[in-house]
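Line by line, the protein sequences give chains A and B. With my numbering applied, the first sequence corresponds to residues 1 to 333, in that order. With my numbering applied, the second sequence corresponds to residues 1001 to 1801, in that order.
Pairs of lysine-lysine, DSBU-like flavour, derived with a Cα cap of 35 Å:
| # | chain 1 | residue 1 | chain 2 | residue 2 |
| --- | --- | --- | --- | --- |
| 1 | B | 1401 | B | 1440 |
| 2 | B | 1439 | B | 1401 |
| 3 | A | 242 | A | 47 |
| 4 | A | 242 | B | 1439 |
| 5 | B | 1014 | B | 1025 |
| 6 | B | 1479 | B | 1014 |
| 7 | B | 1019 | B | 1521 |
| 8 | B | 1278 | A | 47 |
| 9 | B | 1521 | B | 1025 |
| 10 | B | 1025 | A | 242 |
| 11 | B | 1440 | A | 242 |
| 12 | A | 242 | B | 1450 |
| 13 | B | 1521 | B | 1479 |
| 14 | B | 1439 | B | 1315 |
| 15 | B | 1278 | A | 51 |
| 16 | B | 1631 | B | 1479 |
| 17 | B | 1450 | B | 1440 |
| 18 | B | 1019 | A | 242 |
| 19 | B | 1019 | A | 47 |
| 20 | A | 51 | A | 242 |
| 21 | B | 1450 | B | 1401 |
| 22 | B | 1019 | B | 1662 |
| 23 | B | 1662 | B | 1440 |
| 24 | B | 1025 | B | 1631 |
| 25 | B | 1014 | B | 1521 |
| 26 | B | 1025 | A | 47 |
| 27 | A | 242 | B | 1662 |
The calculated label-pair distances, taken between Cβ atoms and stated as ranges, are:
| # | chain 1 | residue 1 | chain 2 | residue 2 | range |
| --- | --- | --- | --- | --- | --- |
| 28 | B | 1714 | A | 298 | 30 to 38 Å |
| 29 | B | 1071 | A | 194 | 56 to 64 Å |
| 30 | B | 1437 | A | 298 | 44 to 52 Å |
| 31 | B | 1034 | A | 194 | 55 to 63 Å |
It is worth saying that the hints were derived from the structure and are not from the lab. All figures in this text were calculated on a predicted structure; none of them were measured in a lab. Glycine included, C-beta positions come from ideal geometry on N, C-alpha and C.
Take a look at the letters that make up each chain.
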Amino acid sequence: MAQINDMMGSFELFQPTELDGAMDLLRRHGEEAWVLSGGMDTFDWLKDRAKRPTVVVDLGGIEELKGIQADNRTLRIGAMTTLTEVANHSEIRSRFPIVAQSAEKVATPQIRNQGTLGGNLCQDTRCWYYRAGWPCYRAGGNTCYANAPGALNREHSILEANRCVAVTPSDVAPTLIALDAEMEIRGRRGTRRVRAEDFFIGPAIDITRMTVLQPSELLTAIHIPDTWAGRPMYFEKVADRKAWDFALVNVASALEVSNGTIHDARIVVGGVAARPLRMRETERAISGHAPNDQTLEVAAQAAVQGARPLQFNEYKVALTKNLVKRAIREARS
Amino acid sequence: MSDNGLIGTDHVPKDLLAKITGRAKYAEDFRADGMVFAKLLLSPVPRGRVRSLDVRAAMDMEGVLGVLTPDDVPSISGATEPILANEPLYQGQPIAAVAAVDETTAAEAVERLRLDIQRLPFALDPVESLRPGGPNGRDGGNVMKDGEVDTLKWSSAEISRFESDTFPDDLPVTDEWSVGDLEAAFAASDLVIEEAMVYQSQTHHPLESRSAMAYWRNGRVFIHCSTQSVSQTRRAFAGYLDMDEEDVVVISEFCGGAFGSKIRGSLSDMIPALLSQKVGRPVMRRVTRDEETAFGRARPGLQGWIKIGFRSDGKVLALDSLMIQDNGPFGRSGDMVMFGNVLSLAYQPEAMRHRATSVFTNTPPRSAQRAPGGLQGSAMVEPLLDRAARELGVDRMAMMKLNAPQGRARFGPNQNELTSAFVHEAVDRAVELFGWNEKKEWNGRANGSKVTGVGVGFAPFVGGSSGFDGLILIRPDGKLYIHQGIGNLGTHSMLDTARAANDVLQHPWDDTEVVWGDTGKGLPWSSTQSGSQTTHAHTRANHAAAHALREKLQEIAAGDLGGSAGDYDVAQGRVFRRGSPGTGLTFAQAAERAIALGGRYSGEELPDDLDPMTVHAVRRMVGEGLISAVKDPYSHDGSTWSSVITCCVVEVDQETGVVEMKEIVSVTDCGTVLNPRSLEAQVHGGVIQGMSSALLERWAFDPRWGANSNKRFYTAKPITILDVPSRPLEFAALDMADPETPVGARGVGEPPVGAGAAALISAITGALGGRYLNRTPITPDKIVALLEGSRTGYGRMQTHV
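Use the sequences and the hints to build the structure in full.
What follows is the structure, encoded as structure tokens:
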């Protein structure tokens, strides 16, 4: 651990204005390079000297990564678009209100003005042990401090833990998975697209990363298909405070309902595992049923199937169940 | 109070423009020629012993000027706090400081300090320390008794009783008092309620951290710092440095928040002072948020039991309290003492016992935080009165009135008498302003998953001291100069208390200069700006100094223009003959005459009861005008307390545990109102801070490593403006004068936090159908766990989780 915290060290700063220039820099500096978008995740790491990159590549000057384009079939959001822009965009608000709502629930107005959608999706976990520089599994060590007896794990995972019990911090990620969005990724061999659901990874896949992004890759845009536009959807975030807080649990849903019957559903929960979890069992359990109390109970139970709460977070089981019920019951088009 | 009418009217504070334009200079904004920067090495362990500290690699770096180590600072004795520690007693305690040409270099040099530290067993939870064989927070013991470090251990059976489901009657403690026949009072009670409660410790979170810059010149040390009370800080710093007060200059014109954490500046301000002395350059030591949370201050947590006996009409007959205080590593915090006094005053029980013990823990140092002990007391006990009202079928406000201290009520172990209290009037006002009789019916009303809760909190706290000095001048420019040794916390009290002098002298505010914030300008001995003393103490001191000044003006005029002093009046910058206003002197002329007359007019002769600091201040100004320096001469019979009643409406979501504040209404009894707008802001701010404390502020330490998990705002979670109801907060002040002080004003900085916390907890309890959450902060996880029956994971009395 660093011998001094909250004081940024020195590094070489690059501020490319073209995406190609940024890619060149990442290629040239490899794992030494740190990608800076809005800085809301980065500056903590750099100030606490828990991450010591020698090179920082600031994407803030690359115009092609910013902005929102919509056509009938899809909506493309540049990764460097601020959360404020996402929250205020009329097309997003009308077609995909939960994206705007979730962006609006991130942190504070000031942070949303500075923080970007791409940064929100790619940010690292907020496990305080890890972020304070403790040498845990995720940091390359051989223990999990948050899962030790008596450890402070009120905020940690109840599902899919694998050595590490950290959780995904993003509020927007669950809504993008619910809407079946795709991530546009630029890498050495050009551009590829990954389904939002597959973009986030848990510790069983790679304990040191939260996403599939490789060191020389950039998330460049998010594409939201029109599939779920206009259908009932729901987002809710539960946190201690109304602002400047990460979710204890958040939930997003998109439903296809006709004649009082749910025909299709996508339900995603954040804050319960290292990645936003699509609740496939829940989705299966409610498809073909009316959203009555019995269906909701089955749905909620399915969502927490296999949950293994830690010492201080058993409440997350009940909270997840309640939120999943709400995400079905309260979904509105 | 007078025709001049400044008391009781709004004004635009003279420092407002500087603050809103950013021109106000806080400690961190100052620069001095040749200034260098310091960064600190903090203890990585909660308790340890430095085996060695090798500074060579750091000193070898280009740009590094020196390292201050524990060997360079004054030694200490007993349980006092050292400036730098060889045997740190909490994680984050400063061990060394490096001075370098810039902060980047200084930080790199800190990383090159080679610290070899032995990790020692440490205490986090006070109850763990009380267990047989439990860890002690200090060498030699875990408690302070009769001023000495001592050891107190409970047997396993005693620990079990403390953690059981019933009130523990007989546990050994260090402190105990009682009044009345407790057993008889409980026997006479129709309802007895007992409850265990854990109130968390919490950091002060001043927005301005305790940065400081210091330099030495001509044998004097100049320290730019952030402090609540300027003159008192000068005396404290002189003590720390073992110097004459005149050789210590404290500059702190603005203080960006403190809440009790900077009453006399900070001990850590000595680091730049001593480092500057060592390296021979001015030293700026900026404090980061991480450091502020580490070695700033915190409110002591309290864990314990309350038992209350009620008569069928709601009258509190008996009150028994047992509190264990999380003391941190140094000295002894007063919260547990004030806790007992506040309850005794607030409920006027016929019999009461208060038992308490403060246990050393290896957690950040504690100090008073806005209503120390009072916040915890009101927050823990008001909801129990709520429950009693429900069980007895008594109206809560009627019950409050029945128990309230009124007039010259008595309280505490010595049954001290109040100067005055008008709580009955405050209750009536709150009932009317809030619409209590209508809104109390909303309690428990459900709307989908959301349930409404309505709550009220009553909180008294001390509101004034006396006996300090006033210092006022009229210079030959004809202006009135009011010197204030108190600080500028943003409450405007350094201005508002000055206006008492203007009213005595019938002098326009625009022709008045208030001098504050720099002891080099000659500041009188003043109260600490803490404990809500200032309004009371310094309206008195300035009132007295203005009266003495008035007499001198009258004497000078009579001497020059004939007649006797009593024939003259003072107003609008003149002293003039009553009935013949044309005959008189302007203030400018009177100042010139005072300089010529010398003696008691020019400051050459002074009353002999002045504090030496005031005498020194005047000595610098002798011959500069007509000077009045006096010690507060007024009688002060009784103990001065103010109070606040807050009513609130909340909505609790039963599915998510989220609490939403909907309405807040507060009424205060704080004597005469000095500055209505500022008072209202002060009360609302305090109420919100109390709600923040009860609802949000997190204090959790890893039990194995003794590390604080909440060192940043986003993890410690003080309330934000977006958590406050969008509906405007409502407010009323009784504006009824306290008879034991000439201006009638009492302080009210502290009571609102207890009222806010108590009202909020009561409202949440109301929404939960009377189910009581005996642990703060009441975060959603706790509400969900209560409603859903989830396991919480912590023990009944466990702290730091």
